[in-house]
Each structure stands twice: as C-alpha cells, then as structure tokens.
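Chemist: So the protein lines, in turn, are chains A and B.
For what it's worth, the working numbering labels the leading residue of the first sequence as 1, then goes sequentially.
For what it's worth, the working numbering labels the leading residue of the second sequence as 1, then goes sequentially.
You may find that some hints are simply not true.
Here are the computed distance ranges between Cβ atoms for each label pair [stated by the list, open to error]:
no., chain 1, residue 1, chain 2, residue 2, range
1, B, SER12, A, GLN17, 39 to 47 Å
2, A, ILE26, B, ALA29, 42 to 50 Å
3, B, LYS42, A, ARG63, 23 to 31 Å
4, B, SER18, A, ASN71, 40 to 48 Å
5, B, PRO111, A, LEU11, 22 to 30 Å
6, B, SER12, A, GLN41, 14 to 22 Å
Covered stretches of chain B (chain A as the covering partner; in silico rule of three or more C-beta atoms under 8 Å from a C-beta of chain A) [as the list claims (entries may be wrong)]:
no., region
7, 23 to 34
8, 42 to 48
9, 97 to 106
In short, the hints are calculated from the structure, not lab data.
For glycine and all other residues, C-beta sits at the position ideal for the given N, C-alpha and C.
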Amino acid sequence: DAGVTQSPTHLIKTRGQHVTLRCSPISGHKSVSWYQQVLGQGPQFIFQYYEKEERGRGNFPDRFSARQFPNYSSELNVNALLLGDSALYLCASSLGPQGVANYGYTFGSGTRLTVV
Amino acid sequence: GENVEQHPSTLSVQEGDSAVIKCTYSDSASNYFPWYKQELGKRPQLIIDIRSNVGEKKDQRIAVTLNKTAKHFSLHITETQPEDSAVYFCADNNAGNMLTFGGGTRLMVKP
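From just these sequences and the hints, can you work out the full model?
Modeler: Below, the structure written as structure tokens:
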C-alpha cells in the first residue's frame, strides 16, 4: 500500500519564477494538507483541501494557491518566487476533514525547493 | 493565532539517560497533541499523541503528559538509545484539520 507521494523531490528555481508541487495521498484518504518547513523550524500550515474544496488556509500570501483533483491528489502553486520561499514543502493526508485529531496525519517525504 | 512554544531547542544526553521535552500552547480549545520525530532529510513521523480527555499516555519507552490547566504537555523518553537522535516536534490541533507546530528540539544521544 503506497504512502503519501510527492513530486518532485528536489527543485531549484530562480526568483520571480512559478513552481508547481504535487501530492498523491494514501489510497482512501480524502483530505490533503500542505505545510512549509523552513530549515531549522517547525512546519507551518499553508492549506487544507477536502473533497476538492479549500477547508483551511494559513497565513501565507496570495502567491500561494492550491487545488485538489477528483482523485484526491493535490497541487500547490507558488507564483513570483522569493528567496524566502526556499523550504521543504510537506504534504499530509488524512481520512476526513477533521481527520488529524481522530486519525492523525501521514506526511509525505516532501519537496525541497531552493530559490536562487 | 495559536502559538506553541517548545523547549529546549537542543538536548544532549548520554545513552541510557532520560530526555524530557516541554511544550506550552495558548488556545484553551486545543484538544489533540501529537509528537513527531524527524530524522535528517526525512519526513516527520508520528511517535505518540494525546487527547485532551487524558492526562498521560505511554508507549514502551515513550510517554506524554498533558496539563490542560497550565496549557503544557511534555514528551518523556526513557533509556535513550543512539537511534533516538533526531529532531522532535510537538504540535496541537485547535481548529479544523490544522496542526500548529513548536520550533523543534534537536535530541542528541551520545553512546
């Protein structure tokens, strides 16, 4: 049974560019959440999607957007990249919209984004 | 918004000793408190969690305690081993499906 898969694993982009990160949740999980982990810090919540609808948004600028597809996979998009966007981007899947308290998260291995 | 403070930021212990990591949170509505272990270059992995209706939970060498009145919770690792070396994060859930994480504790277990 596959876990949470994220692609790509590593990415180098130039300031001002756009990036798309992808996540496939565990089979049967309908909720996907995105987190940003800057080096040396804890993960910070960006978005949660459930059944293709945004269910939560963290304190991130409008340059960050996401969507969820009918197969429950998800994309995180970041426009006009800044040096400060360099981080590990983690995707977490859970069973339902309130799943983290009932079932916990399973994190993917992340995409390491470097902006130069 | 919710704030989770974690201490210490680094902790060095001898193999076989105990390690304690403490976290405080701000939102009294928080009701779920997981702990994650993250090894270098790897994903955070859930090691233990506790809900607000429980004061203590144990799983072999790991235990978590929760004091809702004081709004703090702690991770206790006994008989530490070199493979326990990692960064540990506490977190809480106060709304929806979102976790608020502490800043992390780098635990080093010296053989």
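Chemist: Hint by hint, say whether it matches the structure.
Modeler: To see whether the hints hold, each was checked on the structure:
1. The hinted window of 39 to 47 Å between SER12 of chain B and GLN17 of chain A holds, with their beta carbons roughly 41 Å apart.
2. A hinted range of 42 to 50 Å for the beta carbons of ILE26 of chain A and ALA29 of chain B is inconsistent with their spacing of about 28 Å.
3. One distance hint, 23 to 31 Å for the beta-carbon pair LYS42 of chain B and ARG63 of chain A, holds here, with the actual separation near 28 Å.
4. Distance hint check: the CB atoms of SER18 of chain B and ASN71 of chain A are about 46 Å apart, consistent with the given range 40 to 48 Å.
5. Taking the beta carbon of each, PRO111 of chain B and LEU11 of chain A are about 37 Å apart, not inside 22 to 30 Å as hinted.
6. Checking the proposed 14 to 22 Å range against SER12 of chain B and GLN41 of chain A shows it holds: the Cβ atoms sit about 20 Å from each other.
7. Check result for the region 23 to 34 of chain B against chain A: holds, 3 residues qualifying (beta carbon to beta carbon below 8 Å, three or more required).
8. Check on the region 42 to 48 of chain B: 5 of its residues sit with their Cβ under 8 Å from a Cβ of chain A, so the three-residue criterion for coverage holds.
9. For the region 97 to 106 of chain B, the stated coverage by chain A holds: 8 residues have a C-beta nearer than 8 Å to a C-beta of that chain, and at least 3 were required.
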